[in-house]
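Participant: Now for the letters of each chain:
Protein chains: 2
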Amino acid sequence: MNVEAIHDDLKQHFDEDLENIRQFLRQPSISYTGEGIAETAQAVADLIAGLGGEAGVVQMPGHPIVYGELWQDAPKTLLIYGMYDVMPTDEDGWMAEPFGAEIHDLPGLGPSVICRGAVNTKGPLAAFFTAMQSIRRVEGKLPVNLLFAIEGEEEMGSRSFPAFAQEYAEKLKRADAVLFPFFEQDEAGMPSLVLGTKGMLYVELICTGGEWGGPTDRGIHGSYNAWVKSPVWRLTRALASFVDDDENILVDGFFDDVRPLPAREAALLDEQIDAGRFDAGAFREAYAVRQLKDSDDRRAWHRLFSQPQLNIDGLFAGYTGPETKTVLPHQATAKVDVRMVPDMDPDRVLAGLRAHLDKGGFTDIEIKVYNKYPWSKLSLDEPAVQAMIRTYQGLHGELELWPINPGSAPYYVFERLLGLPYVTGGLGHGSRQHSSNEYCTVAGILEFERSMVTFLDEFTRGPAAPQGEEHE
Amino acid sequence: MNVEAIHDDLKQHFDEDLENIRQFLRQPSISYTGEGIAETAQAVADLIAGLGGEAGVVQMPGHPIVYGELWQDAPKTLLIYGMYDVMPTDEDGWMAEPFGAEIHDLPGLGPSVICRGAVNTKGPLAAFFTAMQSIRRVEGKLPVNLLFAIEGEEEMGSRSFPAFAQEYAEKLKRADAVLFPFFEQDEAGMPSLVLGTKGMLYVELICTGGEWGGPTDRGIHGSYNAWVKSPVWRLTRALASFVDDDENILVDGFFDDVRPLPAREAALLDEQIDAGRFDAGAFREAYAVRQLKDSDDRRAWHRLFSQPQLNIDGLFAGYTGPETKTVLPHQATAKVDVRMVPDMDPDRVLAGLRAHLDKGGFTDIEIKVYNKYPWSKLSLDEPAVQAMIRTYQGLHGELELWPINPGSAPYYVFERLLGLPYVTGGLGHGSRQHSSNEYCTVAGILEFERSMVTFLDEFTRGPAAPQGEEHE
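Just so you know, the protein sequences line up as chains A and B, in that order. When we follow the numbering used here, the leftmost residue of the first sequence carries the number 1, and every step to the right adds one. When we follow the numbering used here, the leftmost residue of the second sequence carries the number 1001, and every step to the right adds one.
Just chain A, with the same shape it has in the complex (with noise of 0.2 Å):
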């Protein structure tokens, strides 16, 4: 590919690939609400077609899942992954109408598309496309063959998607790796690329009353606790068991199937310690915090990338409104997330919590599971994930590697379901995802394009040669 005609092809085009993102994201698609998710389906349907390549809407007990292929008989092929739907749009704040897609100039960021999905995802899954066109105008056809598969659900879960990716396997399997293409460069211009994502177990502990005392079915008159005892003292009780004033996790072999990080990527920490990434200070400013749980730069640093969480996300029982009002509540309900490194089985930590909470006597505590999978990984030489950095390299200089995403993602699909590789990526800014005034800048879009037609050409060649050519 002439690398250098299709970026010059893509600054010509910008102004009208920018009005095309900018409609794309004006279609709202609330997987919450269902509201504009058969349009944005459609869409992306249509996008793919655009391409010259042939897509259906795949029905799913939830929202639909698009899938097309553009098949060039290149000697190999990308699954794109991504997502259509959004989060609402029911924060306050907003500066301009969340699916008005108006550019706004905004401080030490310049002119950013304001957008619900500007950065998460639907601005990126456009410009993807409006760079693909680019290919196709300089070259007539793609370097690589094209395998698709946008989700509408994914702000839910992605609960359709293991199952889709089952009935699917076998096209699917047919891909080299998978792209996901994102907006990776931080506020400071600083792109990453994570080399795994950690795994999630999220449930619900509830503690209702039952054969062991407590109302059943309804808060009573709080009076009666000379009688009754309470749901909410017995799962507080229950969650003061799970860990210790440090917050170390006290559940039996929870540790066991810890598995330390690859010596690689251990060093790569290291480096990034030693030049000053990580900025304790800094940090507690952004995240007002004022006290870390580690005093130790390093170790904290490490213990990010290394070690499970356990986290209450949520707390709930009897009356939380304002002012008084007394009840002896029927249940109490704790929402608690599992956060997953390597080797740890979801299940076996889901038996360890059951465990736990029998070991105290709360046998009746239910366990209601919402989220499980596990924990995913790359190798860094991968070649996705090599051609990835190389993009970066090439184009912005430097990049940042991280040994797993801290947060999680159902990648495990894609690598023990699917057994492909995978790689998140892209240049390109964006932020407030979930929040109001989310945006993406208007150059970075344009960086985006670049970056994903080097990625297709890195890609597609492999590793230079020691005497090869340089790329811009």
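Any given hint could be a false lead.
Here are the in silico distance ranges between beta carbons for each label pair [what the hints assert, rightly or not]:
1. GLY1034/B to SER192/A: 50 to 60 Å
2. LEU380/A to ASP1246/B: 47 to 57 Å
3. GLY1281/B to ASP358/A: 26 to 36 Å
4. ALA1355/B to GLY93/A: 39 to 49 Å
It is worth saying that the hints were derived from the structure and are not from the lab. Ideal Cβ positions, reconstructed from N, Cα and C, are used throughout, including at glycine.
Position chain B relative to chain A; hints supplied.
Facilitator: Then chain B, alone, in the frame of chain A:
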């Protein structure tokens, strides 16, 4: 007074009285929203004026209090305490217009007035006035001087009432006793008389991120639990330290001031138990509780009336909606109420909670006080109490004495601040206060009117001489 003639007069005028009471009930007076408060305050003043008294609407920082006097130059004076406000009506399941005061035939209860306020407490308040009108029709004047203090914020915690009582103390102290007119018969027809109320300390325990760690002003991404401690873990560990597995309260000194029940009252409770008053099985069925704290009925019955409680009314932190959202919350809150028996001091109890938290290292957990008022207690020998006992015995035959209301009410204002004995009473039945389809029975209204007449007679005449006349 010719009580028999007045009772006859009440019977003759009942249709008219019932219509007047329903008319009063139809006037909304929701203290939380302010709807109809001004109009209803004026309506109460009009009722007092209609009896020949003088009344004024006293403006307070919250809703106004109606103060009135009906001076008859009688030897005894009674202060009528009441409330003209009601709860909102936004519950599901109303079978009729919430302020329609329609009459419906309720299974097992007969014709009943369905209306917000029917029992709590605009129904008995209005019926008190119709009863007084009957005395005036038959006797020309009342046998007692009446003072009135009718507030409009009871459902919001009687916020202005203590200040009003202090301001009007000179006037109010002329009373010999306080009467709170109320339908005191339960569904089975048994009237009860309580000899006091537990005190109330209602607080929020709030754990916010601060010097100890934790996010200080907003939730942050759950994955940062690797670096940042959680106010939720901290609060649950603090709460768990307050009670043991059997909910025995572990706060140092909590029981130091708890006084045993007076022997006469303890004996009353034993009599009630021996008479089969406490049916643990029926209670468990009615309240959907499978097991009580105490399998010994006598101990449980005594406990309700003689022991303090420490109850969690509400608990909340982080994300409490459906499904999954991950967050490391910056705050966790527990709503806690303490019900105090004699001779517990609210300030000492509050200091004890503070000391308990401090001892556990939780010096940062804030205690926000919402309500703090002491218990109050009456002697069985109080003339007003004895007059009500004779009223129930004379009109109904039997009654149940409770040493203390296991719930709470700020009657200390009368007992301590004004030095006045008080009695809550009257025949009649209603229920579902604070719920949909609040009702009082039509037959009970007439019984209530009769009981108010008899009570005034008993209260003004004092105990019968051994050879004295019998009352109906």
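Participant: The structure should be examined with respect to each hint, and the outcome stated for every one.
Facilitator: Results for each hint:
Distance hint check: the CB atoms of GLY1034/B and SER192/A are about 55 Å apart, consistent with the given range 50 to 60 Å. For the pair LEU380/A and ASP1246/B, the supplied restraint of 47 to 57 Å holds, since their beta-carbon distance comes to about 56 Å. Hint check: GLY1281/B to ASP358/A, Cβ distance near 30 Å, so the stated range 26 to 36 Å holds. Separated by about 42 Å at the C-beta atoms, ALA1355/B and GLY93/A satisfy the suggested range of 39 to 49 Å.
Hint compliance for this structure: no hint is broken.
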